[in-house]
Structure formats: structure tokens, C-alpha cells
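S.K.: Here's the letter readout for the chains.
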Amino acid sequence: MTHALNTVADSLRFPPEFSASLRHPLVPLPDPADEETDLKTVFDEIRNFYAVERVPAVFRWMARDPGFLQSYWQATREAFADRALDRPTKEILAFAASMTAKSDYGVDFHLREARRLGLSDRGLTEAVEVVQLFNTVTKIADTLGLKPDFPARPNGERPHV
Amino acid sequence: MEIVHVTDVHELAPEDQKFCEATKAWFKIDFVPKMSRVLLTVPEFGRPYGRASRRAMSDGALSRAQKELIASVVSAINVCEY
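Going line by line, the protein sequences match chains A and B. The first sequence runs -14 to 146 under the working numbering. The second sequence runs 115 to 196 under the working numbering.
FYI, nobody ran anything at the bench for these hints, they're computed from the structure. Heads up, a few of these hints could be off.
What the hints assert, rightly or not - When the alpha-carbon atoms are kept at most 25 Å apart in a straight line, the in silico PhoX-like pairs for lysine-lysine are as follows:
| no. | chain 1 | residue 1 | chain 2 | residue 2 |
| --- | --- | --- | --- | --- |
| 1 | A | LYS25 | B | LYS148 |
| 2 | B | LYS132 | B | LYS142 |
| 3 | A | LYS132 | B | LYS142 |
| 4 | A | LYS87 | B | LYS138 |
Said to hold, decoys possible - If you want the ones that stay clear, here's a sample from chain A, every Cβ over 10 Å from chain B, calculated:
| no. | residue |
| --- | --- |
| 5 | PRO13 |
| 6 | LEU24 |
| 7 | PRO41 |
| 8 | TYR57 |
| 9 | LEU118 |
| 10 | PHE119 |
| 11 | ASP134 |
Note that CB positions come from ideal geometry on N, CA and C, so glycine has one too.
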């Protein structure tokens, strides 16, 4: 979900939501105020979910197709809901995914969200350390063609440790 | 296809073999992961890298479980089968 949203935002050059940028969108972004009233509910929900005054650009873009926005937003909201993993952890994971994919939009967005939901400076340092470590070993593993330590079983499952 | 010889544990220096034992305990597995052995092929690199890894992956402000999830996400984004 995060990777997909970042792909849209970065490809269409949406400026980061919370930090300064010289980026200009390649496409016009609808202003929520101009939208039909049936989108007001979903826009309000998005603003409340992220505690922002303005609907993030990536969702404003989707408003070009209201039916798509409504369904996609619902899926996004559910993906980030507190379940077995809590929402702050999911935001940290989204931040890690954004860093690894070098997404300016995603790093800005999810760093702000993770912090807003309680990520401390120490926690941020630790998250970045893990991202850095595993961006190292994954490249080493791929370059050397290392096969997994836990080979898949014939049915495709991996054994539990 | 693996393009390097993955060092066997018994080929490593005694202090590195000890580190490998600690790695098995860390992951609660009965073998030494290839990555650990590959990194220790150049001990001058592998030893400090291993220490940095152990430090970074320990419980802190984030739990070890959260950190393993971050590692999984990085691996997925990088499409790393290993």
C-alpha cells in the first residue's frame, strides 16, 4: 500500500506534505473544497486520520475518480488500523519502506506520522540503523547470489524455526 | 546461483567461530547463516559489522520483533530472496 502510494506521489512529483520542496506536480490536483459533497465524508475522514488540515496530495489526486478514492481510502485505513500490529509500528514500517525505495514523498509523510504517533528520537535512530544494515546485507546477498538459509519446501512453504 | 564459496565455520578463526555460536543462539537455530559466514570471510569487515548488527537489532526504544519486521520490509522492497 505504502509503496503504491509513494509510486504515484513521486512519479507525478507531488511535493512532500510536511517539508519544503521545489517539486511541482505534473498534473493538476483537485482542491477538496471544490469537490462534490459526497466526497466530503471521505476527505474529513482522511484529514482526521492523519490530523492534517489539508488532504494529502496523493488522495486529492485520486479524487479525480471518486469511486476509486472511496474504496482505496477504505483499504488504506484498514491496512493501517490497529490489529495484531499497532498503527505506530505500521507507520515505522511504512517509513522504512519509503526510505528503502528512496521515496521523498513517503519518507516525509511517514516520518511525520510515526513521530506524531509517538516515535522517539531514539526509536528513529534505531529504525534508520536497521534500514541501513539491511540495505547492506540484501545487496551483498543479491550480488553474491546467496540462496535462502531456509529453502522453500516443495509446497512452497518455508519451515518454521 | 551463488558466485562465492560460502566459508564453512571450521575454516574461520577461533574467535569468529565463537561469534558464530553466539549467532546460532541469537537466532535460536542450529546452523550458522550464510550471511554471517560470508561477512566473516573478511574478518576486518565482518567482525565490526557483526557487532553493529547485534547492537542495532537488540531491544531498545523499538523491540527486536519490530526491528525484524523492518528488516523484512527492507528485504521485500529490495526483492531480496535471501
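S.K.: So PRO41 of chain A supposedly isn't at the interface. Is its beta-carbon more than 10 Å from every beta-carbon in chain B?
M.R.: Consistent with the label, PRO41 of chain A stays out of reach of chain B, its closest Cβ about 21 Å off (over 10 Å).
S.K.: Run the C-beta distances from PHE119 of chain A to all of chain B and say if the shortest one exceeds 10 Å.
M.R.: Check fails; 4 Å does not lie beyond 10 Å.
S.K.: Does LEU24 of chain A sit more than 10 Å from chain B, CB to CB?
M.R.: holds, 31 Å
S.K.: Looking at TYR57 of chain A again, its CB stays over 10 Å from all of chain B?
M.R.: holds, 20 Å
S.K.: Against the 25 Å threshold, does the CA-CA distance of LYS132 of chain A and LYS142 of chain B hold or violate the hint?
M.R.: Holds: LYS132 of chain A and LYS142 of chain B sit about 20 Å apart, inside 25 Å.
S.K.: The output says ASP134 of chain A does not contact chain B. Does that hold with a beta carbon cutoff of 10 Å?
M.R.: With a cut-off of 10 Å, ASP134 of chain A comes too close to chain B, as the shortest Cβ separation is near 5 Å.
S.K.: Run the C-beta distances from PRO13 of chain A to all of chain B and say if the shortest one exceeds 10 Å.
M.R.: Per Cβ check, PRO13 of chain A is outside 10 Å of chain B; nearest 30 Å; holds.
S.K.: A cut-off of 10 Å on Cβ-Cβ distance, and LEU118 of chain A was said to be off the interface with chain B. Does that hold?
M.R.: violated, 6 Å
S.K.: Can you confirm whether the C-alpha distance between LYS25 of chain A and LYS148 of chain B stays at or below 25 Å?
M.R.: Not satisfied, since the Cα-Cα distance of roughly 54 Å exceeds 25 Å.
S.K.: Take a quick look at whether LYS132 of chain B and LYS142 of chain B sit within 25 Å of each other, Cα to Cα.
M.R.: holds, 15 Å
S.K.: When you check the alpha-carbon spacing of LYS87 of chain A and LYS138 of chain B, does it fall within 25 Å?
M.R.: violated, 33 Å
The structure fails to meet hints 1, 4, 9, 10 and 11 from the earlier list, while all remaining hints are met.
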